[in-house]
Each structure stands twice: as C-alpha cells, then as structure tokens.
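These protein sequences, in sequence, are chains A and B. Residues 104 to 657 (this note's numbering) make up the first sequence, in order. Residues 45 to 466 (this note's numbering) make up the second sequence, in order.
It is worth saying that the hints were derived from the structure and are not from the lab. Please read these numbers as outputs of a predicted model, since none were measured by experiment. Among the hints, erroneous ones may be present.
As the list claims (entries may be wrong) - To be clear about the criterion: a stretch of chain A counts as covered by chain B if any three or more of its residues have a C-beta under 8 angstroms from a C-beta of chain B, and this derived list gives those stretches:
| # | region |
| --- | --- |
| 1 | 432-438 |
| 2 | 645-655 |
As the list claims (entries may be wrong) - Listed next, the stretches of chain B that the computed footprint assigns to chain A, with coverage defined by at least 3 CB atoms under 8 angstroms from CB atoms of chain A:
| # | region |
| --- | --- |
| 3 | 227-233 |
| 4 | 312-326 |
Glycine included, C-beta positions come from ideal geometry on N, C-alpha and C.
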Amino acid sequence: MLTKLTGGIVYDPANNVNGKKKDIYIQDGRIVSKPRNVEPDKEYNISGKIVMAGAIDLHTHIGGGKGNIARMLMPENHRIDPVAHTDIKRAGTGHAMPSTFTTGYRYAEMGYTAAFEPAVLPVNARQAHMEMGDVPMLDKGGYVMLGSDDFFLRMMTANKDQQAINDYVAWTIRAAQGVGIKVVNPGGISAFKFNQRQLDLDEKNSHYNVTPRAILKSLATAIKELGISHPLHVHGSNLGVPGNIQTTLDSIVGVEGLPMHLTHVQFHSYGTEGDFKFSSGGAELAEAINKNQNISVDVGQIMFGQTVTASGDNQRQYANHGFSSPNKWVCMDIECDAGCGLVPFKYRDKNFVNALQWAIGLEIFLLVKDPWRIFLTTDHPNGAPFTSYPHLIRLLMDKSFRNDMLATIHPEAQKMTTLGSIDREYSMQEIAVLTRAGAAKITGLVNRGALGKGDYADITVYTENENREKMFEKPDYVFKDGELVVKDGEVVNVVWGTTHVVRPEYDKSIEKDLKKYFDRFMTMKLGNFTISDDEMTEDGRGSITVHPTVGEKV
Amino acid sequence: MTEITEVPSPFCGIGTDDLAIQVDGISIKVTANGCAINTPAFEQAISDFSPRVDGKEVSLEEAVCKAVEILKAANQPVIGGCATDVNGMRALMALADRNGAVVDNMNFTAAKRNFLALQDSGWMTTTLAEIKNRCDLFVVIACDLEVFAPRFYERYLWNKESMFLDDTSAREIIYIGKAPSGKASTSPDNRQAQVLECANADLPEVLAVLRALIKGNLVNAEQVAGIAITDLQNIADKLKAASYGVVSWAAGDLDFSQAELSVQTICELVKDVNASGVRCSGFPLGGKEGDQTANQVCGWQTGYPARMRFSSDIPEYDPFLYDINQMFDNGEVDAFVWVHAFNASAVPPSGGKIPTIVVARSGMTFEEEPAVFIPLGTPGIDHVGHAYRLDNVVAIRLKKLRDSGLPSTAEVLTAIEQGLVN
Numbered sequence: 104m105l106t107k108l109t110g111g112i113v114y115d116p117a118n119n120v121n122g123k124k125k126d127i128y129i130q131d132g133r134i135v136s137k138p139r140n141v142e143p144d145k146e147y148n149i150s151g152k153i154v155m156a157g158a159i160d161l162h163t164h165i166g167g168g169k170g171n172i173a174r175m176l177m178p179e180n181h182r183i184d185p186v187a188h189t190d191i192k193r194a195g196t197g198h199a200m201p202s203t204f205t206t207g208y209r210y211a212e213m214g215y216t217a218a219f220e221p222a223v224l225p226v227n228a229r230q231a232h233m234e235m236g237d238v239p240m241l242d243k244g245g246y247v248m249l250g251s252d253d254f255f256l257r258m259m260t261a262n263k264d265q266q267a268i269n270d271y272v273a274w275t276i277r278a279a280q281g282v283g284i285k286v287v288n289p290g291g292i293s294a295f296k297f298n299q300r301q302l303d304l305d306e307k308n309s310h311y312n313v314t315p316r317a318i319l320k321s322l323a324t325a326i327k328e329l330g331i332s333h334p335l336h337v338h339g340s341n342l343g344v345p346g347n348i349q350t351t352l353d354s355i356v357g358v359e360g361l362p363m364h365l366t367h368v369q370f371h372s373y374g375t376e377g378d379f380k381f382s383s384g385g386a387e388l389a390e391a392i393n394k395n396q397n398i399s400v401d402v403g404q405i406m407f408g409q410t411v412t413a414s415g416d417n418q419r420q421y422a423n424h425g426f427s428s429p430n431k432w433v434c435m436d437i438e439c440d441a442g443c444g445l446v447p448f449k450y451r452d453k454n455f456v457n458a459l460q461w462a463i464g465l466e467i468f469l470l471v472k473d474p475w476r477i478f479l480t481t482d483h484p485n486g487a488p489f490t491s492y493p494h495l496i497r498l499l500m501d502k503s504f505r506n507d508m509l510a511t512i513h514p515e516a517q518k519m520t521t522l523g524s525i526d527r528e529y530s531m532q533e534i535a536v537l538t539r540a541g542a543a544k545i546t547g548l549v550n551r552g553a554l555g556k557g558d559y560a561d562i563t564v565y566t567e568n569e570n571r572e573k574m575f576e577k578p579d580y581v582f583k584d585g586e587l588v589v590k591d592g593e594v595v596n597v598v599w600g601t602t603h604v605v606r607p608e609y610d611k612s613i614e615k616d617l618k619k620y621f622d623r624f625m626t627m628k629l630g631n632f633t634i635s636d637d638e639m640t641e642d643g644r645g646s647i648t649v650h651p652t653v654g655e656k657v
Numbered sequence: 045m046t047e048i049t050e051v052p053s054p055f056c057g058i059g060t061d062d063l064a065i066q067v068d069g070i071s072i073k074v075t076a077n078g079c080a081i082n083t084p085a086f087e088q089a090i091s092d093f094s095p096r097v098d099g100k101e102v103s104l105e106e107a108v109c110k111a112v113e114i115l116k117a118a119n120q121p122v123i124g125g126c127a128t129d130v131n132g133m134r135a136l137m138a139l140a141d142r143n144g145a146v147v148d149n150m151n152f153t154a155a156k157r158n159f160l161a162l163q164d165s166g167w168m169t170t171t172l173a174e175i176k177n178r179c180d181l182f183v184v185i186a187c188d189l190e191v192f193a194p195r196f197y198e199r200y201l202w203n204k205e206s207m208f209l210d211d212t213s214a215r216e217i218i219y220i221g222k223a224p225s226g227k228a229s230t231s232p233d234n235r236q237a238q239v240l241e242c243a244n245a246d247l248p249e250v251l252a253v254l255r256a257l258i259k260g261n262l263v264n265a266e267q268v269a270g271i272a273i274t275d276l277q278n279i280a281d282k283l284k285a286a287s288y289g290v291v292s293w294a295a296g297d298l299d300f301s302q303a304e305l306s307v308q309t310i311c312e313l314v315k316d317v318n319a320s321g322v323r324c325s326g327f328p329l330g331g332k333e334g335d336q337t338a339n340q341v342c343g344w345q346t347g348y349p350a351r352m353r354f355s356s357d358i359p360e361y362d363p364f365l366y367d368i369n370q371m372f373d374n375g376e377v378d379a380f381v382w383v384h385a386f387n388a389s390a391v392p393p394s395g396g397k398i399p400t401i402v403v404a405r406s407g408m409t410f411e412e413e414p415a416v417f418i419p420l421g422t423p424g425i426d427h428v429g430h431a432y433r434l435d436n437v438v439a440i441r442l443k444k445l446r447d448s449g450l451p452s453t454a455e456v457l458t459a460i461e462q463g464l465v466n
C-alpha cells in the first residue's frame, strides 16, 4: 500500500530540511521516494500543516520495578485521573505515574513514537521489559544500570584490566536486552548499603576503596571501546545537593574527553550563593557544555504540581525523604545490584527552591547553544509527568509567555535567575532536533527520527498554532511504521512497537567468572538470569531491533 | 526419561531455581533440592485432561462458549484466585476490563495489611541477595519461617560464603511473637535463635514498645505481654548496633483486626533505626503462588494492586469493598470466575447458586461441581512463563518441563475474552 502525505511543511533536521513544503510517500512502513506511474492508495491532504518525525523521549521512567512501586504507593493520585476503556483502548489511570496502556496512548496522542527507560537494573530487567511490553504505540528501549553492582565494584577493587570491564559491560547489556548503559550516583548506591550517607566524586566507597570518578572513567571507556552509540548515561553524584554544580563540572573534567551524557542535569546545577544558600549553576553548566563537545545533556525540567520522584539513587532519595509530599516514601536495597527510592513531591511555584529549580532548567535549555547535544525531558515523573511536554515547548518557543510565567514565581527566585534577560526562542527546527533527530542520533537509532528515504515512517502532523502548547498537545495525525495510529489527538489504531537493543561483541570467558560469582553469592543461577529473545517476543506483540555498534556495517 | 536441572519454582515464593527434575512422559520427580512445598507441587499427577460443563466432559471450545455465555449475561462478574503467571494475569486483566469484572487476588486480605501501610507511610525494604551477603541480624516477627519457606535458612542465612560477612554462622536470629517449630534457625555452630514469645493479640503492644525504645523514649513499665522491657531494650540496642539488620514479617500470619497498624509500626521502627545512623531494612514475607505476580501486573496495567474493579469502565481500587467473599455475603455477585494455575487444592470459595467458572490446575476436586471447569497446565511445568519472587524485584523465568497438552491460563482466558467481543 502506498500512502501520500501531500503539501505539508516538513521539519527534518536529519536531512537538513527546514520548513520546506514537501510530499511524503510511505510504503511497507518506510518512507520511499516518489514512485513513478503509481497512484497512492491513500492520500492525506495536509497542506500547510507542520510535519516532523515521531518524537523520541530518551529519558522517561515508563517501565521497571521502582515505577510500579510508585504506582502502588499513590492510589489517591490515580483516582483523580481515571481513564475509561473504549472499543480499542484498555482502561487505565494517569497522572504522575500512569499505567502502562495509558502511558502509551498519551505519548502517541502527543506525537511521540519512541521512549527509553533509563534505569533498568539488570536483575529487574525482565520486569522493565514486561512492563514496556504492555506499553502500546511506542518503540522502547532501556539503559542498563551499572556502577553500584558488586560484581563491577569487585572488578574495580581487584584492578581488572579494561578489557575485562568491557566484557562484563557487553555481557550485561546483552543479558538485560539494553540499548545503553547508565550509571546512577556512581558507587553511591552501594555506599549507602555500607551506611555511607553521601559520596562525593573523589570520596571512596568505604568497602571497595573506589571513587565515583574512577567508575565514570572506567564505564565511559568501556562504552567507547565497545562501540556502543549512546554515551555513558550519567546520573551524577550529589543529586539535589546545593553546590553540586562543582561536582558536575568536575565530572565533566574527570571523564577526560570521553563521550558522556549527563541526565536530568537541572538537578545537578545548584550553587550555594544568596540568602538561602541555594543558587543557579545554569550558566556555568551551559558554558561547560558549550565548550566540551563530548558532553550531551537532558534537562529534567521541573513543573509545578504533584508528582513522584522515582530513582535508582536510594542514597540521595533517602537523604531527601523529609521533603516527601504526601509524607510517605520507599527506599529499597536491591540484590547486590542497585537500589531504588520513591519520594512523592509537590513542586510549588511559591517555594523559593522549587521556583529556582524551574528557572534553572529553563536557563540550561536556553544557554546551551548546540541543540544536538541537549534534550527535552522532565525526567518523567521526577520533574513532572511527561504530559507537560507541550507546555515546556511553549516555554522554550515563546519568550513573552515564559516571562509571564516567570513573573508569578517566588519573588526571591526571580531575583536569583537570569532567565528574564534571555531572549532566545527555540525555532521549530530546533524543537525537531531536540525531540527527534538529535534524540535518535544520541541513542544510536538507525533510520528513526528522520524523514528521508528508507527511514521508518514514524511521522507526526500538527496544525500550526501561535500557542505552541496547543499545537504540540494535539497532533492532527500520527503514523507509526506507516500506519495511521492517532487522528485529531486520539488513538484510532493500537499498535505495538519494537524494542531497540545493541549487542557489542565480548569474550565469552567472562561467563566463567560470572557463573562462579552467581553460584557463590547470588540468589539465582546465571542461566536463569539472562533474558532470552523468546521472552521478548512470545506474547506475539513484541519484537527486537538490533542496532549496530559504532563502525559496524549496517 | 530426561533430567532437567536449574529448574525454578513458582510455588515457594523464595525463588529457588536449583531443583533437578526427572521427567518421564508426563510424570515428574524432583531428584534434588526439593522441599515440603516444592516437591509435592511439582510431582502432583495430572488427573483431568478434559474441560467439563455441568460435570460432563466437553471440548475446550464448548467450555469456553459456556463461560462466555455466563459472563455475557452477568451484571457483576468477579474474578478470584488470580494465581497464575505474568501472561496469565495479563489475560485475566484483559478479560476483567472487557467484562467489567472485579479482580481480587485470593491472598489480598493478607497483602492488604502491607498495602495499607505502604500507601499510608511507605517503608524501607531489601531483597534476598542483600540478606544473603550482608545481614548480620535477622529478626522474624510472628512467623514460623521454616514452615513458610523450608529452605530460607539454608539458602539465604546459613549459606557458607558471603561477600561482606567473615562468618555467616555468626549471624544473630531473633524471633518476636511466634516461636519457631523446628531447628532451621539454629546456626551451623549450634547457637539457637533468641525467642521472645507472645500471642498475636499482644503484638501491637509489644511492637509499639520496641519502637518507643528504639526512638529512645522512656518506658516506665517493666514488662509488656510477659516480655521484660529489658529484653526488648536489648533487641533495640542490637538493631542499632548491627551493620545490616533485617526485620521480617508475614502479613498472612498477622491475622487480627487492623493488623496493618502493626505492619506500619514495624516499617516505622525500621525507619527509626536508619534515622539513628545505622542501616536496617524491612523484609515482607509473602507472595507464594503468584500473589506478587497478580499485584505487579495489576499494578502496571491499572496503577492499583489486585483488589480492584472495572465495573464502571475505569479501574477503581478499594482494599475493603472488592473483597469477593464479602461481595458473596452481600449478594453482590452474579457470575464468578476462579483462576488458580498452581495448586489443585486451592478450591474456590463457595459462590452458592452463582454460576461459577473454574479455570484451575488439573486435579482440582469440588464439593459442588462448577458450571464450567477448565483444567490448566501449570506455569513452570507445562509451559514457560514468568513469576515474581516474594521480594518483588526478581521475576523468574519458568521452564516448560513436559508436553501435557494442557492449555495455559493465558490461552484459556484470552479465548473467553475474545468470545465476549463477538
């Protein structure tokens, strides 16, 4: 079947198309050149409408054990947002941590076609994939967490060579079916189990004598040497601590030019100036990103309102549990592998710290110059639920709206931010980079996030509207792999995306050491730990898409 | 005859995955690492192959048709049991969503005690591998642990090697409430567990005093429920001196009114120990035969644990109202589906004259024959699947051990659900 989208204004940064009127042809789920002498079977007249690739969220907690604890923790938060079933859609609940079906529908209804879960504990990876297996409409993938797991830390203490570390990293990403590697508070989750309540970049884990700096270096090197496209995905040390901008700047230096992605960097950009000893490090951070081409970031913007913070970083979550609102929270040590912490949060615009957090995130968005190295996230649900993205896009694209909002926040916070003096407004093309082309590139996706010949036909069509929030919250059409799935902002066809993975080569002899370790210390057999391809596909809906490592032929 | 090793069990809840099993046709024998729970559960013979409608053997299609007919006519269907694997639970949820049914996991009345505490104030918990490698003080509250999980001590406390303890046999074990029925808690070097016995009815008071002592509050009494305050002070001191204390409880054994408040006291005293400057974790004991699986899948699909309903086309959760036993008593049910793929002796509660559809492990026998009975294959024996361990993090991959031809829960419930579409 040949489908034609006629007359749209296309923003496709991957192919240097910037607001050009262009017809798009789709066949067998992919974009094709204009075929000769063949009439389309189906034509959509989208004359004058804005066309982009389907949006990609490269950091959103949509699947995995901690998210499900967050769901269970907050029934009152689901009760305010029930979602009825329809003939094609399943019932569910929304708000801070929506149920899986509702997550998929709502993402698609905003024009998203892919989302990546950034905190897949290897031992909990099955659950992450099973939950994502119940997220319809989207392609999915996971970054596998390392850095506080005891096998890795034992290797570090024993001074194992980089090759052995690489083998372990590659084995883990295969066993857990991941597309990238994440490190959360490097070594700090482990340190908390030894009762260290904080861990600075150069502070040693009391048992292993290893510093976060050394962990970052070792894992970032492994990623580079294995050819994994997505840089080491780093949730840094000292999350939320006033003064942590220095930790973040030191981490950038510490990684010595290796590719590194700093995630939810807003939570890591705080100074200690001013009457309240809490200030913005946004400008300093942006300057460091502008200077260091090896660094990419996503922001983790906060929005005012109720949410729940869900993190693998139980050391910092424990430290922040006093802020929980409502006052209930969970911390968990997990399987000599990692941990998690859930702390409900209500960000208030009249609270000085929250108001400044909001401004810091926006400062970072607006001061980082290269749109290919910064990404649009709220670290869903930590900064805000993903459903706030259209509002965030308006804040970035509309200076007068932004300044109107700025005028409503805590007055002391207004004095402590340069936000009001920043004139930049994001262009349509830049938004397409942040949410499509750039996100596909940094996660190593082949033929996604782009609208060229051969690319998968994940396409979103919007009606131009001065009010960018209205425009981005309700696309006219969304196509997933060439099929029409959303019309006028409503799901009309339920489809199931693929799971993106990478599979770097490794020396299988690492499994001998792992088997011994599992038999001695773990609670399951090595053979029962690895997730098979069957498990990902046997429900009849799931599939796996393997992406090449850097330098590997497609 | 074939021998299969590293077989994981969905029955015991503690994720034993080292069983060796001999398969001869459709008969199964556990040849290594069995226990009082797993061995009979694996070895139970298949006695039914055919579904029945009103006691007469029929084809699967006919049984499904009859089930569809009953559910189509129902105003308030309920689905109980909910004891199956992940895919079975997924199919169960789809059926409930389409049919506007109540979903009620059979052990939710016990699990509710934990959920109410979790949803009111939260907790700090740990998992089996952390216990195995770190725990130097293990406190058991009101549970006969070796009956609950016969291999718990062998696998997770008296393991020879650990990463962070020089001598695992030096771990200290303390029981509060029920005394252990056997010697599993006695250390390899023959140290017996310390036991502070009290009746369940006295637990709220004993736990409250223990918490007060941990917080350093003054307690004027000399004893509580027959336990000397000095003994409780001693436990408080030990918890605050341990490197990695763990306090466990089994919600299923806390069978008294408002036991959720005792669970909450346990969870809060664990937080208090952490606030005093040392690490300590809670460890809820529960989740056999698919309880965790039911709550996990229901949780990610609806946002709520597995006592909820779709009757108004949206998910609604109420840990009290949607208790199906109470709904039966109130005459609120007009069709009843019972799903139990693990245990042939887990028979449904009597629904009286309510049309009943039983989708359960082959071999179940009934005082009153249900309208429809469909014998199932067992996850981890007759088909592959996934089941959650009690610590809620690890989903184990269940193996298929034999070809019995019996359908999976997912196959049967999906067929019924599809029947409702047409």
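How the hints compare with the structure:
Given as covered by chain B, the region 432-438 of chain A passes the check, having 7 residues with a CB less than 8 angstroms from a CB of that chain where 3 are the minimum. For the region 645-655 of chain A, the assignment as covered by chain B is violated, since 0 residues bring a beta-carbon within under 8 angstroms of that chain's beta-carbons and 3 are needed. Chain A is given as covering the region 227-233 of chain B, and this is violated because 0 residues of the stretch bring a CB closer than 8 angstroms to a CB of that chain, at least three being needed. Judged by the Cβ-Cβ criterion of 8 angstroms, the region 312-326 of chain B is covered by chain A as claimed, because 5 of its residues qualify and three suffice.
Taken one by one, the earlier hints fail for this structure at numbers 2, 3, listed in ascending order.
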